[in-house]
Structures are given as C-alpha cells and as structure tokens.
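Asker: Generate the whole structure from the sequences, applying the supplied hints.
Chains as they are written, first to last, in the UniProt record's numbering: chain A, 1 to 189; chain B, 1 to 575.
Since the hints were made in silico from the structure, they are not lab data.
Just so it is clear, CB atoms sit at the ideal spot from N, CA and C, and this is done for glycine as well.
All the given hints hold, so there is nothing to weed out.
Computed, partial: chain A to chain B, Cβ under 8 Å: (1) V66; (2) W68; (3) P69; (4) P70; (5) S73.
With a straight-line Cα cutoff of 30 Å, these simulated DSBU-like cross-link-like pairs (lysine-lysine) come out: (6) B:K108 / A:K76; (7) B:K324 / A:K76; (8) B:K480 / A:K76; (9) A:K107 / A:K152; (10) B:K480 / B:K430; (11) B:K30 / B:K20; (12) B:K430 / A:K76.
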Amino acid sequence: MDEFVNLKATELRLGLPGTDNVCEQRERASCNTNINKRALEADAENESESSRMKTETSQPRKAQIVGWPPVRSYRKNIIQTKKNESERESQGIYVKVSMDGAPYLRKIDLSCCKGYSDLVKALETMFKISVGEYSERDGYKGSEFVPTYEDKDGDWMLIGDVPWEMFVCSCKRLRIMKGSEAKGLGSVV
Amino acid sequence: MNYFPDEVIEHVFNFVTSHKDRNSISLVCKSWFKIERYSRQNVFIGNCYSISPERLLGRFPCFKSLTLKGKPHFADFNLVPHGWGGFVQPWIEALARSRVGLEELRLKRMVVTDESLELLSRSFVNFKSLVLVSCEGFSTDGLASIASNCRYLQDLDLQENEIDDHRGQWLSCFPETSTTLVTLNFACLEGETNLVALERLVARSPNLRSLKLNRAVPLDALARLMVCAPQIVELGVGSYEDEQDSESCLKLQAAIKKCTSLRSLSGFLEAAPHCLSAFNPVCHNLTSLNLSYAAEIHGSHLIWLIEHCKKLQRLWILDSIGDKGLEVVASTCKELQELRVFPTDLHGGGNTAVTEDGLVAISAGCPKLHSILYFCQQMTNAALITVAKNCPNFIRFRLCILEPHKPDHVTSQPLDEGFGAIVQACKNLKRLSVSGLLTDQVFLYIGMFATRLEMLSIAFAGDTDKGMLYVLNGCKKMRKLEIRDSPFGDTALLADVNKYGAMRSLWMSSCEVTLGGCKRLAQKAPWLNVEIINENDNNRMEENGYEGRQKVDKLYLYRTVVGTRVDAPPFVWIL
Numbered sequence: 001m002d003e004f005v006n007l008k009a010t011e012l013r014l015g016l017p018g019t020d021n022v023c024e025q026r027e028r029a030s031c032n033t034n035i036n037k038r039a040l041e042a043d044a045e046n047e048s049e050s051s052r053m054k055t056e057t058s059q060p061r062k063a064q065i066v067g068w069p070p071v072r073s074y075r076k077n078i079i080q081t082k083k084n085e086s087e088r089e090s091q092g093i094y095v096k097v098s099m100d101g102a103p104y105l106r107k108i109d110l111s112c113c114k115g116y117s118d119l120v121k122a123l124e125t126m127f128k129i130s131v132g133e134y135s136e137r138d139g140y141k142g143s144e145f146v147p148t149y150e151d152k153d154g155d156w157m158l159i160g161d162v163p164w165e166m167f168v169c170s171c172k173r174l175r176i177m178k179g180s181e182a183k184g185l186g187s188v189v
Numbered sequence: 001m002n003y004f005p006d007e008v009i010e011h012v013f014n015f016v017t018s019h020k021d022r023n024s025i026s027l028v029c030k031s032w033f034k035i036e037r038y039s040r041q042n043v044f045i046g047n048c049y050s051i052s053p054e055r056l057l058g059r060f061p062c063f064k065s066l067t068l069k070g071k072p073h074f075a076d077f078n079l080v081p082h083g084w085g086g087f088v089q090p091w092i093e094a095l096a097r098s099r100v101g102l103e104e105l106r107l108k109r110m111v112v113t114d115e116s117l118e119l120l121s122r123s124f125v126n127f128k129s130l131v132l133v134s135c136e137g138f139s140t141d142g143l144a145s146i147a148s149n150c151r152y153l154q155d156l157d158l159q160e161n162e163i164d165d166h167r168g169q170w171l172s173c174f175p176e177t178s179t180t181l182v183t184l185n186f187a188c189l190e191g192e193t194n195l196v197a198l199e200r201l202v203a204r205s206p207n208l209r210s211l212k213l214n215r216a217v218p219l220d221a222l223a224r225l226m227v228c229a230p231q232i233v234e235l236g237v238g239s240y241e242d243e244q245d246s247e248s249c250l251k252l253q254a255a256i257k258k259c260t261s262l263r264s265l266s267g268f269l270e271a272a273p274h275c276l277s278a279f280n281p282v283c284h285n286l287t288s289l290n291l292s293y294a295a296e297i298h299g300s301h302l303i304w305l306i307e308h309c310k311k312l313q314r315l316w317i318l319d320s321i322g323d324k325g326l327e328v329v330a331s332t333c334k335e336l337q338e339l340r341v342f343p344t345d346l347h348g349g350g351n352t353a354v355t356e357d358g359l360v361a362i363s364a365g366c367p368k369l370h371s372i373l374y375f376c377q378q379m380t381n382a383a384l385i386t387v388a389k390n391c392p393n394f395i396r397f398r399l400c401i402l403e404p405h406k407p408d409h410v411t412s413q414p415l416d417e418g419f420g421a422i423v424q425a426c427k428n429l430k431r432l433s434v435s436g437l438l439t440d441q442v443f444l445y446i447g448m449f450a451t452r453l454e455m456l457s458i459a460f461a462g463d464t465d466k467g468m469l470y471v472l473n474g475c476k477k478m479r480k481l482e483i484r485d486s487p488f489g490d491t492a493l494l495a496d497v498n499k500y501g502a503m504r505s506l507w508m509s510s511c512e513v514t515l516g517g518c519k520r521l522a523q524k525a526p527w528l529n530v531e532i533i534n535e536n537d538n539n540r541m542e543e544n545g546y547e548g549r550q551k552v553d554k555l556y557l558y559r560t561v562v563g564t565r566v567d568a569p570p571f572v573w574i575l
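Answerer: Given below as structure tokens:
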C-alpha cells in the first residue's frame, strides 16, 4: 500500500501546494474557450504528427546543429581553443609498468613520449636495462628484455608494431618481460 | 497644465531618465512633447532600421547620447549571414552633418568600419564615450583614430567584438595630455599590446575605474599596472603565462592589497589557478565575478575563491563548477542577483557537470536571485517546480538544455509543467528562454501567466500553430519573439498582424512559414519590413521562381516608420 501513499505529493501539477483542485478547475474553465476546444478535437491527429516530428527531428547525439547551443561565437572560439590546448597538454596518460623480477611496479606518462623511441628510452632509464633494437621482422634483438603491453582485449602485445597513436589508445599497462618467457614472444627462435 | 515656466518643467523632466517614461511624458500634451523633445539627452533605438537618422534628428535635435542596436539577437549564434546589415556609417555621417553635440555612442551588433570611427573621432569635439558590443568590421586602426582625436575621451569599452588586430600602436596614440580615461576595455583584442604605452596611459589616468586587459598582458605587467591604479573598481585580467613566476605573483598580491575599491573581476583568459591567491585581499569586497572564460580555474581553487566572496551579486561561471560548486555558491553568496552558468562541452556528450540539482540549490540558497542563464544537460519538471516555489522573483529566466527535445530525464515527460510553474510563480518575468521537450501546452501556460513577458526565445519546441498563437494572444507586452526549428506556420503568423505593431521584431527560422504566407503578411501590414533571408541563394528568390508554398528558411520582421531599407544584400528579400 505504501506506494500509493504519496502519489498525490509526487503528482506534477501546475497549482501551488495546498491548492488541490486548481488545475482541474482551470482545465474545465479553459475548455470553454475556442482555442482549447480545437486543441481537444485536433489532439488525436496531432499526436501522431507530433510523434512523427519528434522522430524526424531527433538528431543523432553528436550532430552539430547550426547555431546550437546558443553560445556566442566569441565564447565558442575561446572554449574551443582552450579545449584544443588542454587536450594537448592533458594530465597525462599514466600506465603501470611491471618488470619481471622487480619488487614493485612503476608508472609512466605516455603523453610525455612523442613516440616509441621516447618510450623505450624512458623504460630503459627507469629500470636501468637495455631492450635492444626493434625490427618488424624480428622484434627486439640483442637483449633478454622485451617490452610488451596489455591491450584492450587483454592480450599481451609487443610494443612497436602498431602506429603510436593507436598504441596509446589501446594500451592498458606495460610489462617488461624477461628471460625465457620473452624469448617466445619477442625474438626470433 | 503649464503653471510653471518651461525651464522648470524641463528641470523636472531631467530627473526622468528611463526611455519608457520619457516616451510617456511626451504623450501628455503638445507642450510637454515639445519640452521633452528638446531636453532628451539619451536616445535609445532598439532596431536601427525602425527609424532613419534624419527622422531621429528631426525629433530630438539636442541629444548627447545615442544607443543603436543592429542585427537580431540570433546573429550571436551565426544564424544571420555576414553582410546582412546594421551599418553604423550612415548614422555617423548624418550626425556629423548636423549640429548634434554627440558625447556618447553605444552600439550593439552593428557593423562598424575604421572609416566610421575616424569620422566619429573628428566630428564631435566633446565626444566622451564609445561602447561597442558584439560589433565587427573594424580594426585597431579605427581605435587609433579614436585615441588620437577624442581629446576628452572617458570610455573606450570594447565587449566581445571581432576586431582585426593589426598589432599597431593604437595605445600609444593617446596623446600625453590625455588624462581623462575612466573606462578602458580591450579584452577582446587578440594581438600584442604595447605594454609601455599601456602603463604610461594608466599612470596618467587618475580617474580610471574600469580596466579590462587582453590576453597579451602578462602577470608582471599587471602587477605594475595595479601599482599605478589602486583606485580601480573593475579589473579584467589578461594572462598568467609563466606559472613559475612566483615573484610576480607576490608583487601582484601586494599591489592588489591596495586596491580597496576593487569590486569586479573578470578575464582570466589564460590563468594558472594558483595565481588566484593574489586576489585574496579583495575577495570579500567583490560584487561581480566573471570566470566564464577561465577553463583552467576549477575544482578546489574555484571553490576556495567563491567561499571568500560573500558579497557577490553577479557570478558568471563555467559548468565545470559542478553541482557541488553551486551548492557552495548557494551557501555563501546570499546577495547573489544574477547567475550565468556556461557550458564547457558544447556538444553535450561529455560529463554531466551541472544538473537540475545545482539549479535547485541556487534557488534555495539565494533569495535575491532575479536573473539566471543556465546551460545543462538534463532537467526535470520537479526541479523546475521547486525552483519556481523558491524563487518567485525571476525577471530573466533562461534555461538551455543542450540536447534539443530532451524530456524530463526521470519521467520522460515534456517539460511543460516545469516551465509552466516558472511563469505562474514569477509574476515579473520579462525574459524567458525555453528548451527541452516541449509541447503546445507550455505555450498555453506562457500565454496565460507570463503577462509581463517582453522577450521569448523558443527552439525545437511546440507541436502546432496553436503554440505560437497562445503566446501572441496572451503575452500583451511581448517585444521580441525569436523562434527556431519549431513547427509554427502561416496560420499563426497571419492570425493577427496588428500584434507586430506593438513588438520590436519577430524572428522565425526553420519553421513552417511559407513564402506565400510571408507575402500575405507583407500585404496586410505595409508598416512592417518583412525580410526573407536565404543565404544559399545569392540571387533574389523571385527571380528563381520560388512558389508560394515554398518554406522560408529565415524570416525577420520588424516595425518601421521608414519603409524598406536600401542597404539590404542580395540574399535578403524584403517583401
């Protein structure tokens, strides 16, 4: 029964609180005017028309409508410039980096690196290792360390295969593999 | 009526400054009309095409201040194509030819050229005040003329104009003898500023009350300027480019401490949050704060700042303040009268920064609130009903829900009831902007209750012509009606053309009005200018054989006493 107790309180009406039947009375009164009479008669046909209009005019979420939202161009330009600037220097894309055998993990800011060479250098500095040379054919040659990353699907991938931007978007965490495990992944058999 | 000599009556009239009141006075009798005519100091023309400069001079030969508005309001949102009109040149030429001792010119949404500014600066010896809002068409060369030639210039106030910045030396064009500046606002200039010239100008302007800088004025320069101008009342800050420069921050703080008259802060176009602390000493006195361009100031810095501004009457802010931030405003700023919350994400797809909760909090906490502009992503009827209950004093209520046609996000109902509550409770409502999913019902409410409404903005709302008819029939004081993307057509447009005589203008774009309907309207009401704006077609529409049933993309009509304007571009067809 509880759900019916406060029905009246939550009912959305035009009248002020305490004026119970105001809305109903107004409706009855206004029914006598011509305008509303036409409104009632035409209601049926308008409903289908208006619902059609709504589906017709409901734009896809991000479609840009001219002059909408109603913000002065001066202001729009400033916000847009700000956005572009801040997107470029955003708070950073920090990802965890683990290295096999290391007691604790580190974090590295991918947005600080302009590309793979930056990233590799940073990792080498951070862990005091050397990962060797990358080649598409052979992976990382010349070292027992292989830099890998976990992508959005949860797979462990070799760093360096895909374009940098794509890597930054799909990289969840980094892992520097070592030794025999790495052999299977990164180097030529 | 005239027991007193004219001079006495004129003296009494001098105390009446409102345009509406002066207009009423002039209707009392012939004698009062004459006295009022010759003594009117300030003339306000809301639509520059409603009257000609010659007629203006004929009626008021002795005025000192002229305010002119050009393009319709929706021009702010790029809905009016470039070149539509609103040229100030003919006005300045006519005034220059006459003997009017013009001292002040205030223009909004007009096209101003360097030539106009040059002519203005040379034609009126006592010219004191130039205020340009949302204007375009001129460069810093025009400003140089004003600076050079207007010997007694007090106000140069440039608000949100598109100015071609030639990076020239316009600031150094103020002669060394120029010491009368009261207002200097060049925040909208994009280019470099001659800092030395600026400092010297400020140093020799003891009456300077309002100084608003552009982004090219860095922190250390600001500190030096404040030392020269401790009497400042309004300050617009430029940029804090060098975050590391804590010495300048300290210098600035020391200078600001002496600015005991400082009441208004704005700008912060490029501001590092930690520099806000320089304004510690003055926060408790601030009555106006505009941080709506300061995207970097948010979170705890912003909250901290607001907590110290207990006397705030006007606050312009970005929605990054969030509902929590608005709750802080509500509990701190008990004197708040005007609030504007602008969107940071223009496409409505981002985080919900402010919601209906923030609006409700403000309405509950700020008893003196009378003007609000609120951009948000969601709203509910319940919230609006609560707001109406809390704040029956709204004069201006503008709500913009970023996604068109968005319903009450809890009940999925249209927002008719919510807005209905607002218009019913707020008996003094003069300006209203509606948004979200709305049916004809909301317009029924508006027509019924918003008896004092003067300006109404409608977008993506309504179902049938009845909606527009409710408004036209009900709102007897309507002056400006602007509608876009709503299904109102010829029936509503033509129902009672005499209504438009009592209004300044009507704008309808992407509605259902047809060319035939507009033609019929123009026939019925020859005292209206009915403009069809069709920017996709550079030739006149009639030459292209447009039929009567063709829908009109943009319709702008306004009453006028001077007939069709002669400066309309090809894409404007005046019926």
